[in-house]
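Please model the complete structure; the sequences and the hints are all you need to start from.
In case you want the letters, here they are:
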Amino acid sequence: MTAAVSVRNVLHRFDDFTALHSVDLDISAGEFIVLLGPSGCGKTTLLSILGGFLTPSQGQILIGGRDMTQVPPKDRPTTTMFQDYALFPHMTLLDNVGFGLRMRGQARRQREAKAHDMLAMVGLDEKAKAKPHELSGGQRQRVALARALAVDPDVLLLDEPLGALDLKLRRQMQDELKAIQRRVGTTFVHVTHDQEEAMAVADRIVVMNQGRIEDVGAPQRIYLHPATRFAANFMGEINMIPATATSDGISTPLGDVLIRAGLDGPLSLCLRPESIGLSGDIALGPARLLDAAFFGTHFRCHFAPLAAPDLTLVVHLPQSGHPQIGTTHTLFATTAKVLPA
Amino acid sequence: MGRVVSWIYLFVLYGFIFLPVAVLVLFSFQDGRLPVPPFKGPTLKWYEAVLGNGDLMAALGNSFLVALLSSGMALFLGFLAAHALSRHRLPGSVLMRGILIAPMTVSYLIIALGLLTVFNRIGLPPSLLATGIGHVIINLPLCFSILYAAMGDHQKNAERAARDLGASEAKVLWLVSAPMLVAPMLAAFFLSVTFSWDEFIIAFLLTRFDVTLPVEIWSMLRSGLSPKTNAIGSLVFLASISILIVLEFTVFRKVRK
Numbered sequence: 001m002t003a004a005v006s007v008r009n010v011l012h013r014f015d016d017f018t019a020l021h022s023v024d025l026d027i028s029a030g031e032f033i034v035l036l037g038p039s040g041c042g043k044t045t046l047l048s049i050l051g052g053f054l055t056p057s058q059g060q061i062l063i064g065g066r067d068m069t070q071v072p073p074k075d076r077p078t079t080t081m082f083q084d085y086a087l088f089p090h091m092t093l094l095d096n097v098g099f100g101l102r103m104r105g106q107a108r109r110q111r112e113a114k115a116h117d118m119l120a121m122v123g124l125d126e127k128a129k130a131k132p133h134e135l136s137g138g139q140r141q142r143v144a145l146a147r148a149l150a151v152d153p154d155v156l157l158l159d160e161p162l163g164a165l166d167l168k169l170r171r172q173m174q175d176e177l178k179a180i181q182r183r184v185g186t187t188f189v190h191v192t193h194d195q196e197e198a199m200a201v202a203d204r205i206v207v208m209n210q211g212r213i214e215d216v217g218a219p220q221r222i223y224l225h226p227a228t229r230f231a232a233n234f235m236g237e238i239n240m241i242p243a244t245a246t247s248d249g250i251s252t253p254l255g256d257v258l259i260r261a262g263l264d265g266p267l268s269l270c271l272r273p274e275s276i277g278l279s280g281d282i283a284l285g286p287a288r289l290l291d292a293a294f295f296g297t298h299f300r301c302h303f304a305p306l307a308a309p310d311l312t313l314v315v316h317l318p319q320s321g322h323p324q325i326g327t328t329h330t331l332f333a334t335t336a337k338v339l340p341a
Numbered sequence: 001m002g003r004v005v006s007w008i009y010l011f012v013l014y015g016f017i018f019l020p021v022a023v024l025v026l027f028s029f030q031d032g033r034l035p036v037p038p039f040k041g042p043t044l045k046w047y048e049a050v051l052g053n054g055d056l057m058a059a060l061g062n063s064f065l066v067a068l069l070s071s072g073m074a075l076f077l078g079f080l081a082a083h084a085l086s087r088h089r090l091p092g093s094v095l096m097r098g099i100l101i102a103p104m105t106v107s108y109l110i111i112a113l114g115l116l117t118v119f120n121r122i123g124l125p126p127s128l129l130a131t132g133i134g135h136v137i138i139n140l141p142l143c144f145s146i147l148y149a150a151m152g153d154h155q156k157n158a159e160r161a162a163r164d165l166g167a168s169e170a171k172v173l174w175l176v177s178a179p180m181l182v183a184p185m186l187a188a189f190f191l192s193v194t195f196s197w198d199e200f201i202i203a204f205l206l207t208r209f210d211v212t213l214p215v216e217i218w219s220m221l222r223s224g225l226s227p228k229t230n231a232i233g234s235l236v237f238l239a240s241i242s243i244l245i246v247l248e249f250t251v252f253r254k255v256r257k
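Read top to bottom, the protein sequences are chains A and B. Residue 261 in our numbering sits at position 261 of the first sequence, and the numbers go up by one each step. Residue 118 in our numbering sits at position 118 of the second sequence, and the numbers go up by one each step.
If you're looking for bench data, these hints aren't it; they were derived computationally from the structure. Keep in mind it's a predicted model, so treat the numbers as computed, not measured. From the three backbone atoms N, C-alpha and C, an ideal C-beta is built for every residue, glycine too.
Across the chosen pairs, the derived CB separations fall in these ranges: (1) B:ARG87 - A:GLY40: 23 to 31 Å; (2) A:ARG109 - B:TRP174: 19 to 27 Å; (3) A:LEU224 - B:ASP153: 35 to 43 Å.
Structure, rendered in structure tokens:
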């Protein structure tokens, strides 16, 4: 089952601290949405409001078109996968996964059949009689997912579910989450502070900062054409070169660039390190290589442009090159974005 | 050298604790009228007398009944209070905690006198029920403190998950909160049983016709020392030890794992 979610003008205050400032967000049924932002940005508060653990100070939450703002968690068509999994330590995996169905009054035989199915989906059916403490972190995480999905929620809320796993396992679980979401078709709302994780799983990313939404869009769009400086920085490393608008483009210390800014006042030319190289359609002029480090997939280099020696550009050069420190290269950029400074 | 000293210390310590018990048990087998040295050879007649004494056996049963029921009640109330105060922000929660623990600091005699006055007023005659209520009052602070200390964030998250999956508040308590606290619950329950089992002052002031074992023993002592009292003491000691051993090998072993 699946449902659309609508967040309307939601504002939330904790005593004298405002955690969310009038947030509006529409999520389509079956979408995989990631709320991305640093700690304290309000993403977990928003998730708690969706799950019914917090009632917003003002605003409305609609799930499947019905007003859910005042409905307690147990009566919502949502389930949550918690950060620490919150499995019931005294129950077997089968009872853990069947718990939600038991609360809905389903007969033992029916709910155990369903629990077996869900455990099979996450590859743990042969451990159905085990207790949570016998499992590894990744396995517990899978059980938590199976338990949350066993009741066929319209919306699954995931609160930094992969935070406690090591990097390799996290990548693997991201792929699994994405595959399971496609299979069940439930709307997923996933909270994380890891932009790579967000890009790995999301249909759309919601970048949040200080209780406000900075940008909403597909991963590629947000990465390449961020709406704000914060979104640009949070999605990954980026060079920001001061610029001003001219009649047919912008003017920077590295020369004029023919990009229609459509903006006035002080601007920034934003370039990802991998969009700068030794060829491209935007000329950045000659620059001296300060240092280079081998990162496996690329060389991470610092360049000082000759035209503006106090600027430093971070540039990713292909791994096949052998950059010589101190040499001068002519740099070009391919994808550029202009934002207000 | 250090090892020898620590062994000596061990023996002295255990000797100090258990010598009186050993003497009590030894003289329960005394073949004579007084449980004092010299020891005149073993006999089981005092045990026969005790087991054949209807009043004593009735008192033993009463003690068990009062201990189990009052401890169960204290555990139930203590659990609910601890859960409420650790999970919800209540007005005056510090004050409520203080009042809940307060009976621990008041002497049993004062509690018994207070209860006697109140029960008199409301027309509840001295009885096992009155004694049981008294024992709930002295054991509630104990159960509350043990369970309050044991409730952590770990359980809080599991409770949140249960609510999220559709559990009502009663089901959260019964299916998640309580089973996660099995070890401290058992500890609180059995400590309460022990305290109720050998509590004398409240039972003495609040019983009349049906009495508990300590009150019965006391009335036997009034007619002077007898190996019979030693025999009861030995039986009670045997029962406590047996319960402890059974628990150690079943419940607590399982919980630790």
